[in-house]
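Undergrad: Taken in order, these protein sequences are the chains called A and B.
Take 80 as the starting number for the first sequence in the numbering used here and just add one per residue.
Take 59 as the starting number for the second sequence in the numbering used here and just add one per residue.
No wet-lab data here; the hints were simulated from the structure.
Note that beta-carbon positions come from the ideal geometry of N, C-alpha and C, so glycine has one too.
One or more of the hints may lead you astray.
The calculated DSS-like cross-link candidates involving lysine-lysine, where the alpha carbons are at most 25 Å apart (straight line), are [claimed, not checked]: (1) B:Lys126 <-> A:Lys86; (2) B:Lys99 <-> B:Lys144; (3) B:Lys596 <-> B:Lys511; (4) B:Lys99 <-> B:Lys204; (5) B:Lys126 <-> A:Lys202; (6) B:Lys144 <-> A:Lys202.
Footprint (simulated), chain A over chain B, 3 or more residues, beta carbon under 8 Å [stated by the list, open to error]: (7) 181-192; (8) 323-329; (9) 436-450.
Covered stretches of chain A, going by a simulated chain B footprint (3 or more residues, C-beta under 8 Å) [claimed, not checked]: (10) 281-290; (11) 299-310; (12) 346-353.
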Amino acid sequence: MLYYLAKRLGLSAVVVCLVVLVLFSLLYFIPGDPVTIALGPRATEEAIARYAEKMHLDEPVWRQFLIYIGNALTGDLGLDVFSDRPVTAIIMERIGFTLALVGAGMGWAMLLGIPLGCLAAVKPNSWIDRITGVLSVGTIAVPSFLVSIWALLIFAVHLRWLPAIGAGEPGQIGDQLSHLILPAFAIGLSWVGYLARMVRASMLEVMGENYIRSARAFGLLPRRVIFGYALRVAILPTITLIGMGFGGMISSTVFAEIIFARPGIGKLIFDAVMARNFPIVQGAVLVATGLYIFVVLFSDILIAWFDPRVRESL
Amino acid sequence: MPKDAQHAPETLLDVRNLSVDFRTPRGRVKALRDITFPIRKNRIVGIVGESGSGKSTVLWALLGLLAKNAEVMGGEARFGDRDLLKASEAQLRATRGEEISVVFQDPMTSQIPVLTYGRQMLDILYRRPDVSAAEKRRMAVDMLAKVGIPDPDKRIDQYPHHFSGGMRQRAGIAMALLTGPQLLLADEPTTALDVTMEAQIIHLLQDLQKELDATVVVVSHNLGLIAELCDDVVVMYAGEVIEAGDVREIFHNAQHPYTRALLECDPARIDDVSRKLPVIPGDIPDLTRALSGCIYAPRCQRAMPVCRTETPPDVRRGEMSQARCHLLEGPHHDPDWPPPLDVMTVGAGETSASKPARAVSDKPLLEVSDLNVQFETVGPLRARLKGIDQRHVDAVLDVSLSVAPGETVGLVGESGSGKTTLGRCVLNLVQAQGGSVRFEGQDTLNMPEGRFKPLRRDMAMMFQDPVGSFSPRKSVRALITEPFQIHGVTDVDLDAEAERLAEMVRLPKPFLSRYPHELSGGQARRVGVARALALNPKLIIADEPTAGLDVSVQGEILNLMADLQAEHGLGYLIITHNLPVVRHIADRLAIMYLGRIVEEGRTDEVFARPVHPYTKALVEGVPQPDPDRRRAHVSISGEVPSLLNRPKGCDFAGRCPIAQDRCRAEKPPHVTMADGRRHACHFPIGQ
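Modelling step: build the complete structure from the supplied sequences, incorporating the hints.
TA: Below you can see the structure in the form of structure tokens.
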């Protein structure tokens, strides 16, 4: 197990390094000079030279890269071009909002999608199965930005049930939660469909296994057979899907955060890209990548915890 | 239980007129029709039949666990004061696991892999709220100890994959007996197990039944198992009970022509290996059609016109015995039926001309010498981190073997013996670490695929699971001509070749346009043979050629293989665990244990006088289809050790009844005896 963790963490580090390299070279190759953007078209030659030196832009590319990696490892992601504040601090201010949004979005999708999938699989071709089927395809097919806009228009503008923009007053949990509902609904909706479909398919397969028949032949209650036996095995591929889904959801937050004007990583990246604010873009994407890798690793370990065969092969 | 139960066994479960239909896209399949038989208290009842006979359907109907498309059309199953067929789901659930319990066919798939045995057994006891969890655990540990699991209080916290196949089945039996059920149903309890394990499980069931005074129903296609274990036997065919009775009546004085034919087809029963194996011609009838007369009439050697039109009389003698046949009673009664046991009623007396004395060729077709195959178990990095020296296991260890043209060599071993690895290595599908494989004198070991490919035309493989190894989207015609395309043979007329090959394996022409799922087990095998023969190979490697085939058709495949060999001078390497079958077809046998050949010699000699104790255990381990030849004790105990901790001395020493200190210290070398037999044993039997 320790060996497995060491191996996975080592591999994760390699992935992070590759991401940094790609980010770095992407920004290097896209047109537009960072110095001109930072200082404006009317900057003096001297100011340009001073800025370039401060940002190490006069050094060879490989040195720039090494400096960046070294700084990133020590938690220094550079300074915001406009405000001169540390990028790390800016990201830390916003990451909580994004994590709350992703967690709430995936959370309600799981709470609804997994039981729906189970019910549909236990009674195939029943009305609940058919409704689940239609619902799944429907929710998967609608893009999340569209859901965001519709939700905003219906629940916030027309019905005025829920607040439309922002993340709520700091320190007021109730207000923050009411601001979370619509965006979480918007980004989680398609995952209800994904999860219901996935759980239904693997439950159907597992319900046909011999050991389920054994459990029934020993007279176990249907509740125990479905949730204690079948779901315990059928959930395994779904855990992997959820882990990867977090990554996808981080990109959905870009839409949700823009449409609902919520602070967060997604909105931060969007604004930074528009403004050519390279340090912010690099830092935020790096943090998002790190989060994604962590969640996938976590889901793999969760599977090992659920399945003794996987645990022992680690 | 009343005291006089021994004198007049009372009926525990009375099945009467049970009929079950399956709704399928092809129409209603009348899977069970009018099944009637009693299950008498404290007896072991065997339900025997071939695939499609409905024997398992009876079990599931009794438990109320039939597939969703099944429908009970009528009948009753009286269990105490209840009718199981009309019981509510809640009543059934209270009965299942508590009063009626089940031992399943395949312990590898019938136990949930993610829960410990402790958890699974606790779950079974959920109906006892007044018993504490600690007490339940103690009950479970006791039961595991009773079925012969060593260290039960440690092993109860392990998962199924920690147990070997035999141990899993023991645990399965423990789970079934945990609640002290009145009736134990066992569905093919040994089919998934090796020969030596099978013998142990049979004896365990026998002992437990005596000890617990339980009533047991065993469903099996294995006549040996039934004869060894059961008191009463029910014979089923195509959804009907065609005969039932005491085990001796059934095996010594079978009344129904089908029972008689089934017994005659069992290769374990036939001592005369020079004759062709008997076969019941034809297939089981299509149960979606309207049926009239006797269900067995189309395949019966004694069928009369009346058999096809009139339902045969149900002839009963006593409480248990019944048989349905026109020969037994009524206007068509034949006083000479049934004939004495030594008279064959099917495929009678045909002496095989297919084993002519072959000129022993001094040039072997295939020659394997000192072959070693290792598998990596631990990666190099992890081995260094954990300080593991032994990174490999020996799957095949110093194996030497040869096959001459026109010769059949049987490679026999239990699962994990390395027999399949050896076969794959000969076909250059596995890298070997040492030794040599020569095909017609040419060293082919670890040859690059580009150079080996032309040789593949000369050696063909017959796969264990023919349907699984065929593409489901190809017709039989495409399947059997595929080798021509793989090897780029363009100068042949594929249609003509397909017809030639189909004729060779006696497959009727219309079958050429069928798809794999439309074939029966025997037909799929024949397609497998035709495909293997397509390019006129010299050597055929057959992996379990009769696995999954019914007794009545496996003779067909074996006879076909023998005929083709006689015609084309093929060399066969047959990989199998089935000793009775290989005895009828192999000229020489090589017995493998843990990757080594422990004995090799002429088949008749190996069977008559096994030299290695393991061979002896295997030969004696096959249950005989004769209730008078039941074994008093298990000839071999324990299990095949893991390759990971191969014994230092003789691999078999830990299980060997005659092992000495020397056996545990040094590995016996291969010794060739005066008669050409080779063995690896320090103390060969009879020497």
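Undergrad: Could you run down the list of hints and mark each one as holding or not?
TA: How the hints compare with the structure:
1. B:Lys126 <-> A:Lys86: Not satisfied, since the Cα-Cα distance of roughly 47 Å exceeds 25 Å.
2. B:Lys99 <-> B:Lys144: 22 Å, holds
3. B:Lys596 <-> B:Lys511: With Cα atoms ~15 Å apart, Lys596 (chain B) and Lys511 (chain B) stay inside 25 Å; holds.
4. B:Lys99 <-> B:Lys204: This hinted pair holds, its Cα atoms lying about 22 Å apart.
5. B:Lys126 <-> A:Lys202: Given that 25 Å is the threshold and the Cα spacing comes to 11 Å, the pair holds.
6. B:Lys144 <-> A:Lys202: 22 Å, holds
7. 181-192: Holds: 4 residues of the stretch 181-192 of chain B have a Cβ under 8 Å from chain A.
8. 323-329: violated (count 0)
9. 436-450: holds (count 3)
10. 281-290: With 3 residues in contact (Cβ-Cβ under 8 Å with chain B), the coverage given for the stretch 281-290 of chain A holds.
11. 299-310: holds (count 5)
12. 346-353: With 0 residues close enough to chain B, the hint is violated.
When each numbered hint is compared with the structure, violations occur for hints 1, 8, 12.
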